[in-house]
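Chemist: So the chains spell out like this:
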Amino acid sequence: MRIIRMTAAALALGAGPALAAQDTITLGMQLEPPNLDPTGGAAAAIDEVTYANIFEGLTRFAADGAIIPGLARSWDISEDGLTYTFHLAPGVTFHDGTAMDAGDVKFSLDRARAEDSTNAQKALFAGIADVAVIDPLTVRITLSAPDGGFAFKMAWGDAVIVAPESAETNAAAPVGTGPFKLARWVQGDRIELERHPDYWGAAPALSKATFRFISDPNAAFAAMMAGDVDAFPVFPAPETLEQFKADPRFTVIVGSTEGETVLAMNNKQKPLDDVRVRAAVAHAINRQDIIDGAMFGYGTPIGTHFAPHNPDYIDLTGISAYDPEKSKALLKAAGVSDLTLRMALPPPTYARRGGEIIAAQLREIGITTEITNMEWAQWLEQAFRGKDFDLTIVSHTEPMDIGIYARPDYYFQYDDLGFQALLALLDNTSAPEARSGLLKAAQGKIAMDYVNGYLFQLAKTGVANAKIKGLWENAPTQANDLTGVTWEE
Amino acid sequence: MLRFAATRLVSLGLSLIAASLVIFAVIEVVPGDPAAFMLGLNAEPEAVAALRDELGLNGSRAARYLSWVGGMVTGDFGQSYTYRVPVSQLVLQRLWVSLPLALYALGLSTLIAFPIGLIAASRRGRPADYGIMAATQLGVAVPNFWFAMLLVLVFAVNLRWFSAGGFPGWEAGAFAALKALTLPAVSLALPQASILARVMRSALIETLGQDYIRTARAKGLSRRQAITRHALRNALIPVLTIIGLQFSFLLAGAIIIENVFFLPGLGRLIFQGITQRDLVVVESVVMLLVFAVILVTFLVDLAYAAADPRLRHRR
Amino acid sequence: MRWPVQLIIGAILSGLFVLAAAASFLWVPHEVSTLSIADRLKPPSARYLLGTDHFGRDILSMLMVGARTSIAVALVAVGIGVAAGVPLGLAAAARRGSLLDEIIMRGNDLIFAFPSLVIAILITAVFGPSALNAILAIGIFNIPVFARVTRGGALSIWTLDYILAARVAGKNALRISAEHILPNILNLLIVQGTIQFSLGILAEAGLSYVGLGAQPPTPSWGRMLADAQTMIYTAPRLAILPGLAIVGMVLGLNLMGDGLRDALDPRLRRARE
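Residue numbers (the numbering used here), protein chains in the order written: chain A, 1 to 489; chain B, 1001 to 1315; chain C, 2001 to 2273.
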């Protein structure tokens, strides 16, 4: 009898509200951020930890990619489109207790656009002519030219607001305005965040969040299976997702990213400077084999450098359809035989596996490929900056980045006056229909010029404990926004 | 003895200088600019240049070598490019994982190797000996990372007795920390134990063949008594030498195992340092490890010389 | 002379892999350079005896060609060790106690003092990962091993009477080393060579496992293991078969080494009662 009563008591206790909700979470990430200052580094991992959690900007991305208010509760745009007036939220404090006001906004933006700035996305601030403090809660930004996308630019992680007192030390000891603050960083292992009690907005449901860094896909799988991590928002081993889907303990979150994965070709390197040779390479690629073989089916084929979930996207995969016979004819017409191309592959799975598959596909049309696997640092120096490569595979994860094709010194070195004129026109156009038409024309132009081999849009494949709700499905920007994450009872 | 120690000390110093030159030279030619790596794909050239200045990458080679060595001597290992914290702090943090792991693995391997080496030697030529010898042959042949994979599959994923990796930190309690180090230590210990057991067996057998043991046996001691009373002590010297060697191997050589179990140890610090082009970390940690090995060798030499005066004049 | 059992077992075991590697030059069940994505992760069948990997390549063929890579890397690395280490060891022994001896032995200690895997990683970081650099990285660490073994063996022979006779007869150190010392330490070198060969196979597997060995599409056992890791739960044979191949090859070589030692080393043979 006593035993029964005790069990009943225990049951009642277990169902009680006090013990109900778990309020800590452990997230797995493949790469560790080198530092925690989003204004001083480009590593995606910095934003994946800090964005919306530690640091906030004037505006921010919502989970669906929309631009919503951040520290600025609203903003007005002048008639001529040159002046943006941001109205800041009152009562915002930094983690060190100091107040956030218009002075901090001016400091942050001026610092980012300064001559000696180490901001990795300086271009975001290039259009700013002046930042003026009107009163503690109002900032007026004057642009040198109208820019319909300015609110979008201010939502980037590189544009977050920092305080003058802590700006220099944010790398190791970040001080932001977000709902979480840094509790501990064990370099090489994990970062722990804890709830900031004086947060100005709605308090998050989680009291503590831990990011653990597990670079090895196998270890990531094992850690998920063993319950060492609760969620792995960007899971590095797509081949194991079936396993997770079959297991009721987990949910698999498949969404889209801004990552156009391309087989980049060095447009200035002989014989790739000949459009027929590039077309031959493009027609030799069987996209579905790459998506199946490298990503185990996750990914959407693309025929140009544009995200399929964008309303202005047009499906141009037909232009570079898989047709090895055509490739052989094109090579013959170009007078190229016994071609050997060097392929530089950075570390991600899509590149390493995709590269092996493409090498085999190119062999079918008589092109030999020499693969060199590289670390990011080496890839950046040799392929990206040194332009010493023939082929490489990269996923371009910045949103709306078709503009890179207008930069003749960008690593694939596509130098076309027509395209550059098109983009210049786009920059000066604000009417939505006209913009849409120009964007479509731009997509067509680079597809017809076979600048790169357009492979697929990278999918965001995440795995999480089935009881976790509120993780981002898509990745409009690299972030793990924890403000809306809860545990289901 | 003093002269012997002095010459050894001079050669120790020369070795360290040579090692530091080799390490610095290798690091200098590693391709990949740390500043460009940190700022990423779309970084502006001016931003990269500004960061290079900040990291002190623009000085002359000789000046940088001297400031590095000078810093090391005074205990200042520089600042990590990536983490922007002192290298000594990173090393200390990692040592708290690597040192216990190495000791744990070494302890396990010794615990396994001693008894089975002893059994094999005392049952020489009998089935037990053959069985043990066959098992240790297998142990030596198994790549430790493959063994680690199998351990994870069985004990972490299927049985869920251990977690698949990671390290909770010592503040989570000694039990939790040791538990996290158990699978890694076992996978490191298996080949080491196999080697050690074989050395133990052959050292024992060799001593057993010597005259004084024959005399002892002739006096009526059993084989087992001869081993425990006389041979064991003498066989210990080669065994201890191997243990010493294994320790320094384990300290740095656990890189692959640390990766399989994502342990934040010294080996992985070097590996990460190389991929992230955090070259200050790489050169300082490698130098530190080399220093440790050279120092251990020096101390062993001294100990031998103290124990056996003949060694001082031989060579 | 009776051949030790281990020598026979070891020779058969490692011979099997050498044979498979050699055969792969002439014939493999399926070409490893062609991928057939549609056939990926197929279980063993009559068509694919050991099944296929994530690219639809035949595992058996991959293992055969992979054996080629492992053996080539380990063998050349031993070659480097012998070519540089043996002359150094002979020179050190011939000029025992001299400055030359001191420099060579301290140099040896210096190489030994470097954590080998770390240096291998550094070398590949500098020159890029490739089979050639894996050979270099493993080969460098073979040099002091052979130098030490050679010196040790040579020293004991220098003290023998007939060497003294040769010296009295006016032969110089170089000739004595070549004519009398080297032939007499050949046994030692063969045994050490076998051991280093097996260590080389393990080292190559480790290096290509972390992505620093032979580059794709060249198959190698270590990279097969790395590729198979995440599939160990869905297709365990992918991770188990290459591991077994490594174990088999290394075990065979180690048994051979032990057997050779017993067969060739007269001192030990006597000790065997």
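Since the hints were derived computationally from the structure, they do not count as laboratory data. For glycine and all other residues, C-beta sits at the position ideal for the given N, C-alpha and C. Keep in mind that the hints are not guaranteed to be accurate.
Per label pair, the in silico range of CB-to-CB distance [said to hold, decoys possible]:
id : chain 1 : residue 1 : chain 2 : residue 2 : range
1  : B       : Leu1014   : C       : Ala2165   : 35 to 45 Å
2  : C       : Ala2165   : B       : Val1010   : 32 to 42 Å
3  : B       : Glu1054   : C       : Pro2087   : 43 to 53 Å
4  : C       : Ala2165   : B       : Asp1211   : 53 to 63 Å
5  : B       : Leu1178   : A       : Gly470    : 51 to 61 Å
6  : C       : Pro2087   : B       : Gly1173   : 49 to 59 Å
7  : A       : Gly103    : C       : Leu2041   : 30 to 40 Å
8  : B       : Leu1103   : A       : Ala123    : 44 to 54 Å
Chemist: For every hint, state whether the structure bears it out.
Modeler: The hints, checked one at a time:
1. Leu1014(B) with Ala2165(C): 35 to 45 Å: Holds: the Cβ-Cβ distance is about 39 Å, inside 35 to 45 Å.
2. Ala2165(C) with Val1010(B): 32 to 42 Å: holds (38 Å)
3. Glu1054(B) with Pro2087(C): 43 to 53 Å: holds (49 Å)
4. Ala2165(C) with Asp1211(B): 53 to 63 Å: violated (31 Å)
5. Leu1178(B) with Gly470(A): 51 to 61 Å: violated (36 Å)
6. Pro2087(C) with Gly1173(B): 49 to 59 Å: holds (56 Å)
7. Gly103(A) with Leu2041(C): 30 to 40 Å: The hint (30 to 40 Å, Cβ to Cβ) is violated, given that Gly103(A) and Leu2041(C) are roughly 60 Å apart.
8. Leu1103(B) with Ala123(A): 44 to 54 Å: holds (52 Å)
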